[in-house]
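Peer 1: Could you put the whole structure together from the sequences, leaning on the hints where they help?
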Amino acid sequence: MGITQILFWFLSLLAVGSAAMVVVSKNPVHSILFLIVTFFAISGHYILLNAQFIAIVNIIVYAGAIMVLFLFVVMLMNLNAESEPQKNRLMLFIGTIAGASLMLVLVAALKQSDASTHLVQMGGGNVGLIEQLGKALFTDYVFPFEISSVLFLSAMIGAVVISKKED
Amino acid sequence: MPIYNYIVLAIILFCIGVIGVLTRRNAIIIFMCVELMLNSVNLLLVAFSKMHNVEFAVTNPTLASDAQIFVFFIMVVAAAEVTVGLAIIVMLYRNTHSVDVNFLNRLKN
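So the protein sequences, as listed, match chains A and B.
Following the working numbering, the numbering of the first sequence begins with -9 at its first residue and continues without gaps.
Following the working numbering, the numbering of the second sequence begins with 112 at its first residue and continues without gaps.
Honestly, the hints are just simulated from the structure, not real lab data.
Ideal Cβ positions, reconstructed from N, Cα and C, are used throughout, including at glycine.
A couple of the hints might just be wrong.
Stated by the list, open to error - Per label pair, the in silico range of CB-to-CB distance:
no., chain 1, residue 1, chain 2, residue 2, range
1, A, Gly124, B, Val188, 14 to 22 Å
2, A, Leu23, B, Thr170, 44 to 52 Å
3, A, Ile152, B, Phe184, 19 to 27 Å
4, B, Val169, A, Ile46, 45 to 53 Å
Claimed, not checked - Below, computed lysine to any residue pairings styled on SDA-like, alpha-carbon distance capped at 20 Å:
no., chain 1, residue 1, chain 2, residue 2
5, A, Lys125, B, Thr173
6, A, Lys16, B, Thr194
7, A, Lys16, A, Val6
8, A, Lys125, B, Asp177
9, A, Lys125, B, Pro172
10, A, Lys101, B, Ile118
11, A, Lys125, A, Ser144
12, A, Lys125, B, His208
13, A, Lys154, B, Asn206
14, A, Lys155, B, His208
15, A, Lys155, B, Asp177
16, A, Lys16, A, Phe83
17, A, Lys125, B, Thr170
18, A, Lys154, B, Ala168
19, A, Lys154, A, Ser138
20, A, Lys16, A, Arg79
21, A, Lys154, B, Ile118
22, A, Lys125, B, Phe181
23, A, Lys16, B, Asp211
24, A, Lys155, A, Leu66
25, A, Lys154, B, His208
26, A, Lys16, B, Ala138
27, A, Lys155, B, Thr194
28, A, Lys125, A, Asn40
29, A, Lys101, B, Ser209
30, A, Lys154, B, Leu203
31, A, Lys154, B, Ile199
32, A, Lys16, B, Thr170
33, A, Lys101, B, Ile123
34, A, Lys16, A, Met81
35, A, Lys125, B, Phe184
36, A, Lys125, B, Ser209
37, A, Lys16, A, Leu82
38, A, Lys154, A, Phe142
39, A, Lys154, B, Ile141
Peer 2: Put into structure tokens, the structure is as follows:
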């Protein structure tokens, strides 16, 4: 078992374990911190796959910007105490069963397919480097790139309009 | 590493997100579970990109980088979505003094 495989299993266990803790933990601040750990584990997977640009963007945008925004909102609303006083046991049970059976169906369907034996190139390959992706982004995908700036502008205006106090 | 491992990992992460959306009632945690599902799909897209990089590098050289550009655009859309979604949650909290999704019916009238 090489270092790559050890890292793969370690990062997978870290991602799945902290993702489970996101759902389980009572305190929303703990949930957010566990989600940040999950994002770092997924970024480690990207680095193992030599997708360096995506790994860095994942850390900067998700763990940096989005999660800090979540943390800010939770702190702002003072929600870091117990927030779900009455629990619905039946909904908990049914939701868990539904999610587990979805997982069972997907894994069983995957077992049937023959495509699952293909190998993933670990490391190597220059496809994930910033040079390749920048070239693709500014030649083939320059129009969607510009459209995304309009999307950000509309999201900004939407956020301001929604959270404005009406009087 | 076979693609099978990556598909199973992404399925597990996605289903944890689904379970979170179905069982939790705190709107912020539901939102975070949606982010988790988006991230599992991103991981799968990158793994598929590196899988096809081996097989189609000669016949279709832009195929592998296209997948990673898609991941980039998913992140862009997720960032915009989080901005609007958190604004909606703040407004919900201001109106109902709770982020419990069961109390969303108070927004009537």
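Peer 1: Determine for every hint whether it applies to the structure shown.
Peer 2: Each hint tested on the structure:
no. : hint                              : result
1   : Gly124(A) - Val188(B): 14 to 22 Å : holds, 20 Å
2   : Leu23(A) - Thr170(B): 44 to 52 Å  : holds, 45 Å
3   : Ile152(A) - Phe184(B): 19 to 27 Å : holds, 24 Å
4   : Val169(B) - Ile46(A): 45 to 53 Å  : violated, 29 Å
5   : Lys125(A) - Thr173(B)             : holds, 10 Å
6   : Lys16(A) - Thr194(B)              : violated, 24 Å
7   : Lys16(A) - Val6(A)                : holds, 18 Å
8   : Lys125(A) - Asp177(B)             : holds, 11 Å
9   : Lys125(A) - Pro172(B)             : holds, 13 Å
10  : Lys101(A) - Ile118(B)             : holds, 11 Å
11  : Lys125(A) - Ser144(A)             : violated, 27 Å
12  : Lys125(A) - His208(B)             : violated, 48 Å
13  : Lys154(A) - Asn206(B)             : holds, 13 Å
14  : Lys155(A) - His208(B)             : holds, 15 Å
15  : Lys155(A) - Asp177(B)             : violated, 42 Å
16  : Lys16(A) - Phe83(A)               : holds, 17 Å
17  : Lys125(A) - Thr170(B)             : holds, 19 Å
18  : Lys154(A) - Ala168(B)             : violated, 51 Å
19  : Lys154(A) - Ser138(A)             : violated, 24 Å
20  : Lys16(A) - Arg79(A)               : holds, 15 Å
21  : Lys154(A) - Ile118(B)             : violated, 43 Å
22  : Lys125(A) - Phe181(B)             : holds, 14 Å
23  : Lys16(A) - Asp211(B)              : holds, 13 Å
24  : Lys155(A) - Leu66(A)              : holds, 16 Å
25  : Lys154(A) - His208(B)             : holds, 17 Å
26  : Lys16(A) - Ala138(B)              : holds, 13 Å
27  : Lys155(A) - Thr194(B)             : holds, 17 Å
28  : Lys125(A) - Asn40(A)              : holds, 17 Å
29  : Lys101(A) - Ser209(B)             : violated, 44 Å
30  : Lys154(A) - Leu203(B)             : holds, 12 Å
31  : Lys154(A) - Ile199(B)             : holds, 11 Å
32  : Lys16(A) - Thr170(B)              : violated, 51 Å
33  : Lys101(A) - Ile123(B)             : holds, 15 Å
34  : Lys16(A) - Met81(A)               : holds, 16 Å
35  : Lys125(A) - Phe184(B)             : holds, 15 Å
36  : Lys125(A) - Ser209(B)             : violated, 47 Å
37  : Lys16(A) - Leu82(A)               : holds, 14 Å
38  : Lys154(A) - Phe142(A)             : holds, 18 Å
39  : Lys154(A) - Ile141(B)             : violated, 24 Å
In terms of the numbered hints stated before, the structure departs from hints 4, 6, 11, 12, 15, 18, 19, 21, 29, 32, 36, 39, listed from lowest to highest.
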